[in-house]
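With positions in the sequence shown counted from 1, the corresponding number in the numbering used here is that position plus 35.
Incorrect hints may appear among the rest.
[As the list claims (entries may be wrong)] Restraint ranges, calculated between C-beta atoms of paired labels, are given here: (1) G54 x V380: 55 to 61 Å; (2) A438 x G361: 56 to 62 Å; (3) A242 x D454: 22 to 28 Å; (4) E108 x R362: 29 to 35 Å; (5) D352 x G142: 48 to 54 Å; (6) D354 x G429: 52 to 58 Å.
Bear in mind the hints are in silico, worked out from the structure with no lab data behind them.
The beta carbon of each residue, even a glycine, is placed where N, CA and C say it ideally should be.
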Amino acid sequence: MTRRHARWVGGIVTLLLVGVVAGWIIRGVVRNRTATPAPVVDYGARMEALAAAAGSGGADGWPALTRALEQFETIETAMASDQPSTPGFGSPPIGPRRIARRLLDSGLPATLDAVAAADHFVRPAGTTAWSLVNTDSSKAARSLSRVLTAAMNAAHEAGDRVARDRAFEWALAVARAHANQPTIHDRLTAGAVAAHALETLRSQVHANGLDEDAADVLDAVMDRQLAWPAYATALEGERLSVHNLIQLMFTDDGHGDGRFSPDRASVAFGGTPRQNPFAGIGGVFLASRVETTAIVDTYIDRLIADAACLPPARTFDSDDFLDDYGRRYVLVRAMLPGMAHAVRVDDKHALQVAATRVVLAIERFRSRHDALPGTLDDLGSVMGVVPVDPLHGGPLVYRRDPARVGGYVLYSTGYDATDDSADLPAVRTGGATHDGKDVLLTP
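Let's have the full structure, built from the sequences with the hints guiding it.
Take a look at the structure:
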């Protein structure tokens, strides 16, 4: 190629490059001038709508729950102030039975009856821009559950079945109020509150038995109060929470995309803008708004699909999924809570419910036939479909054992479905989230 031809080709290449750069600049200017940022989405309202969907149009019980927890905390505070204190040692702790006695003499039972009768529960969205939920009720709910199980035990020892069943329903109603909320935190609270009541009831029934009518009453209580939304509801709520954070922390270029903005993030979390013209440069090196949203949605979609399956059919490894993304996606990892572990905690609740249903059916069978069933298959005559073990989909293990209280033992073979009965650990459902552990479900 001659020097003249080389200059000619170089000129054309230069013109093309200038044209490309100019076109890119013009396109950017046009996009900016024609850009219309999307309307701000009220994710708080969407969270409330998700909670309301758990009901059938009846009364919202969240105001009643709020009153109940306030009354309970008032009783606790008043009793603490009445406690004598020893210099240097403070006041001794107040036992839950003492609080339970005071509770029953207050106006709290009527409020708890209103909670139990509610159709659904809608907690108002959070008051801060970055937080859609206010989890202040969780601590009080867990404390109240301990007092209500103490009330169950006191009523059981006194032979007052009606009072025992009433306290049982109150505890499950407090759990249902939190299970209705579309967050993982509330779902965990609901499981913990329900576990106190279900374990206490199983222990009482297994040790002392009950007649068929009493079993029917308790089954009806469980039907009313354990009609929880699917776990997917909590995951959808977490999706809304993360989308809200993305909306707050990323810019909107008017075309559905944007970049992470430290200034916006600072304001969202109650701070002030950095007032630094170079503060936003780092956002260029992080995943864009569209990329971040897509990864979050894929992650939660996979979790929802997995949560709908029995554990052996689950294939999604959330840690491996996130490990596939590098430093550009550090915000994605920070915004996604530990959702996969929480799915397994919900398995624990399902095991609690299945075990309690089976124990009630065993006592119903014993009342009807004056004998224990030979196998769990015999319970089909008193409960229809016998629950499977939710940890693996096979049967729970039942064995008649005259040496044990109640004359039998019931346990789960754990996630691995391997019967380790020769070394059955003396634990309750606390082991339900560990692979390879059998889980004792009766004392």
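Results for each hint:
{"no.": "1", "hint": "G54 x V380: 55 to 61 Å", "result": "holds, 59 Å"}
{"no.": "2", "hint": "A438 x G361: 56 to 62 Å", "result": "holds, 59 Å"}
{"no.": "3", "hint": "A242 x D454: 22 to 28 Å", "result": "holds, 24 Å"}
{"no.": "4", "hint": "E108 x R362: 29 to 35 Å", "result": "violated, 45 Å"}
{"no.": "5", "hint": "D352 x G142: 48 to 54 Å", "result": "holds, 50 Å"}
{"no.": "6", "hint": "D354 x G429: 52 to 58 Å", "result": "violated, 27 Å"}
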